[in-house]
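Visitor: In case you want the letters, here they are:
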Amino acid sequence: MLPYPSGSWMPVALSADLPAGTVMPAQTPVGPIALWRSRSGRAAAFADRCPHRGMRLSRGFVRGEALSCIYHGWSYAQAGNCLRIPAHPGLTPPETIGVATQPVEDSGGIIWISVGEPTARPPRFDGLAPLRSMIVEAGIAALEAAAGTKADGGLLDYAQNAQTLRLLLTPQGKARTLMHVLVDEGTGPAKRIAASRAAETLRRTAEDILRSDVAQ
Amino acid sequence: MKLYDYVLSPSCYKARLMAALTGVKLDIRPVDFHPGAEHRGPELMALNPAGSIPILEDGDLVLTESSAMLVYLAAKAAPQWLGNDTALQAARVQQWLSFSHRLTGSLGAARLHEMLLRPGDIATLHGQGIAALRELEAGLVEQHIRGQRFLASDRPTIADVACFPYVALAPDGGVSLDPYPAIRLWSRAIRSLEGFIEMPGIHRLHELKPEPVLEAGEA
Numbered sequence: 215m216l217p218y219p220s221g222s223w224m225p226v227a228l229s230a231d232l233p234a235g236t237v238m239p240a241q242t243p244v245g246p247i248a249l250w251r252s253r254s255g256r257a258a259a260f261a262d263r264c265p266h267r268g269m270r271l272s273r274g275f276v277r278g279e280a281l282s283c284i285y286h287g288w289s290y291a292q293a294g295n296c297l298r299i300p301a302h303p304g305l306t307p308p309e310t311i312g313v314a315t316q317p318v319e320d321s322g323g324i325i326w327i328s329v330g331e332p333t334a335r336p337p338r339f340d341g342l343a344p345l346r347s348m349i350v351e352a353g354i355a356a357l358e359a360a361a362g363t364k365a366d367g368g369l370l371d372y373a374q375n376a377q378t379l380r381l382l383l384t385p386q387g388k389a390r391t392l393m394h395v396l397v398d399e400g401t402g403p404a405k406r407i408a409a410s411r412a413a414e415t416l417r418r419t420a421e422d423i424l425r426s427d428v429a430q
Numbered sequence: 117m118k119l120y121d122y123v124l125s126p127s128c129y130k131a132r133l134m135a136a137l138t139g140v141k142l143d144i145r146p147v148d149f150h151p152g153a154e155h156r157g158p159e160l161m162a163l164n165p166a167g168s169i170p171i172l173e174d175g176d177l178v179l180t181e182s183s184a185m186l187v188y189l190a191a192k193a194a195p196q197w198l199g200n201d202t203a204l205q206a207a208r209v210q211q212w213l214s215f216s217h218r219l220t221g222s223l224g225a226a227r228l229h230e231m232l233l234r235p236g237d238i239a240t241l242h243g244q245g246i247a248a249l250r251e252l253e254a255g256l257v258e259q260h261i262r263g264q265r266f267l268a269s270d271r272p273t274i275a276d277v278a279c280f281p282y283v284a285l286a287p288d289g290g291v292s293l294d295p296y297p298a299i300r301l302w303s304r305a306i307r308s309l310e311g312f313i314e315m316p317g318i319h320r321l322h323e324l325k326p327e328p329v330l331e332a333g334e335a
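Residue numbers (the numbering used here), protein chains in the order written: chain B, 215 to 430; chain S, 117 to 335.
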């Protein structure tokens, strides 16, 4: 069963990692997506495949309010419709040419994707600020074992050096987890650096646990 | 200044990129690295007994280590690229310059294995490459927290030029860059620099130039 049933929100990236005018790849239960933000600051999520030749759109580039494919420059508006085919400058692309899109919410410093039509707003984490995203090559059980606590509603608490990190976990297959590290709002630079290092330690421990489990 | 150069070599690209960023004109002498193995021939072995490229020649100075070339080009043309304003910054530059050799030994070796069938244990090279990328990502995250966009400072230094090429070409060796948001932003910051040049596999940011306008029938 998908960990994210249809209509629920999934945290795919941190807002700060997607500045205006950029595109990045992300993984969802329904496949890879190209996550991009237009020059004016609006985020959108496309299936990561140009309908022309199948190139990953996350390798493309953003000009103004459109995402262009790196291969032949076909460009798409935020709604997914094709705006322009450079090899045919006089042609208005037919409406049938378009990319599948997914609903996006950008709130509290986190970019959420909805799998199917959303039924509510994404969760809020008042008083917390996102620090960084990491890929962990281990499942949530190994992360829970490493932290010594259980995840609750996708959030895992990890106490380390007099501060508690809140880890927002998204499974990506059986033995891979996307982990967003959240710290208390207003945490100063020294403690944020310490939190980033603590998250590295937790990842190392979880991956060691997974390796020793596999070895047994 | 003469650079013995191979267009597909990330180490040669370091010297070309540094020269472009600091406005130094290089006299490029192309070397038939593959398939000719000219770097192992008598002319180049006489210059560099280690049999590696790049080689930078200036008068009777012969440099065979890319990090030394970065220092030389920066010191001559644009000393701010040396990043030695403070003890902290100077130390960080040296840390990442030394670290860059681990990128060559892991991601670079994986790339040679995948592209030129050079011998190597690809699983081990991938593991070492990923470990190095994670270290770089963590370093960049900490720099962002300090309000700095580059490895040693808020300005680019020779440390960034030393690390950038093998990182940017990691996918050639089969190592994905998808999991590293801080590396992605850093790579954009480097490719946004005035004077940045490309190499095969490392393209410029197309969005920095306006959309080319073609009239119907011209394409």
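No lab work stands behind these hints, which were simulated from the structure alone. Even for Gly, the Cβ is constructed at its ideal location relative to N, Cα and C. Heads up, some of the hints might be wrong.
[To be verified] Pair by pair, the computed Cβ-Cβ distance ranges are:
#: 1; chain 1: S; residue 1: 195; chain 2: B; residue 2: 404; range: 30 to 38 angstroms
#: 2; chain 1: B; residue 1: 374; chain 2: S; residue 2: 207; range: 34 to 42 angstroms
#: 3; chain 1: B; residue 1: 400; chain 2: S; residue 2: 294; range: 29 to 37 angstroms
#: 4; chain 1: B; residue 1: 402; chain 2: S; residue 2: 163; range: 47 to 55 angstroms
#: 5; chain 1: B; residue 1: 309; chain 2: S; residue 2: 309; range: 51 to 59 angstroms
#: 6; chain 1: S; residue 1: 310; chain 2: B; residue 2: 320; range: 28 to 36 angstroms
#: 7; chain 1: B; residue 1: 310; chain 2: S; residue 2: 316; range: 31 to 39 angstroms
#: 8; chain 1: B; residue 1: 335; chain 2: S; residue 2: 141; range: 55 to 63 angstroms
#: 9; chain 1: B; residue 1: 425; chain 2: S; residue 2: 184; range: 19 to 27 angstroms
[Stated by the list, open to error] Residues on chain S that point at chain B, a partial pick, calculated with CB under 7 angstroms:
#: 10; residue: 254
#: 11; residue: 257
#: 12; residue: 258
#: 13; residue: 294
#: 14; residue: 295
#: 15; residue: 297
#: 16; residue: 322
#: 17; residue: 323
#: 18; residue: 324
#: 19; residue: 327
Visitor: For every hint, state whether the structure bears it out.
Guide: Against the structure, the hints:
Evaluation of the 30 to 38 angstroms hint for residue 195(S) and residue 404(B) yields a pass: the beta carbon distance comes to about 31 angstroms. For the pair residue 374(B) and residue 207(S), the supplied restraint of 34 to 42 angstroms is violated, since their beta-carbon distance comes to about 27 angstroms. The given range of 29 to 37 angstroms is respected by residue 400(B) and residue 294(S), whose C-beta atoms sit roughly 31 angstroms from each other. Look at residue 402(B) against residue 163(S): about 53 angstroms separates their beta carbons, and that is inside 47 to 55 angstroms.
Evaluation of the 51 to 59 angstroms hint for residue 309(B) and residue 309(S) yields a failure: the beta carbon distance comes to about 40 angstroms. At roughly 31 angstroms, the beta carbons of residue 310(S) and residue 320(B) sit within the given window of 28 to 36 angstroms. With their beta carbons about 36 angstroms apart, residue 310(B) and residue 316(S) fall inside the hinted range of 31 to 39 angstroms. For residue 335(B) and residue 141(S), the hinted distance range of 55 to 63 angstroms is satisfied, since their beta carbons lie about 58 angstroms from each other.
Checked against the given bound of 19 to 27 angstroms, the beta carbons of residue 425(B) and residue 184(S), roughly 39 angstroms apart, lie outside it. With a cut of 7 angstroms, the hint placing residue 254(S) at the interface with chain B holds, because the nearest CB-to-CB distance is about 6 angstroms. Hint on residue 257(S) holds. Least Cβ distance to chain B is approximately 5 angstroms, under the 7 angstroms limit. Annotation: residue 258(S) was flagged as interfacial toward chain B, and the flag holds, the nearest CB pair being 5 angstroms apart, inside 7 angstroms.
The criterion of a C-beta within 7 angstroms of any C-beta in chain B is met by residue 294(S), whose closest approach is roughly 5 angstroms, and the hint holds. Taken as an interface hint, residue 295(S) checks out: its beta carbon lies about 4 angstroms from the nearest beta carbon of chain B, inside 7 angstroms. The criterion of a C-beta within 7 angstroms of any C-beta in chain B is met by residue 297(S), whose closest approach is roughly 4 angstroms, and the hint holds. Interface hint status for residue 322(S): upheld, as the beta-carbon distance to the closest one in chain B is roughly 5 angstroms, under 7 angstroms.
About 5 angstroms separates the beta-carbon of residue 323(S) from the nearest beta-carbon of chain B, less than 7 angstroms, and the hint is met. Interface restraint check for residue 324(S): the shortest CB-CB distance to chain B comes to about 9 angstroms, outside 7 angstroms, so the restraint is violated. A cut of 7 angstroms between beta carbons decides the hint on residue 327(S): the least distance to chain B is about 6 angstroms, and the hint holds.
Of the hints listed earlier, those the structure fails to meet are numbers 2, 5, 9 and 18, in rising order.
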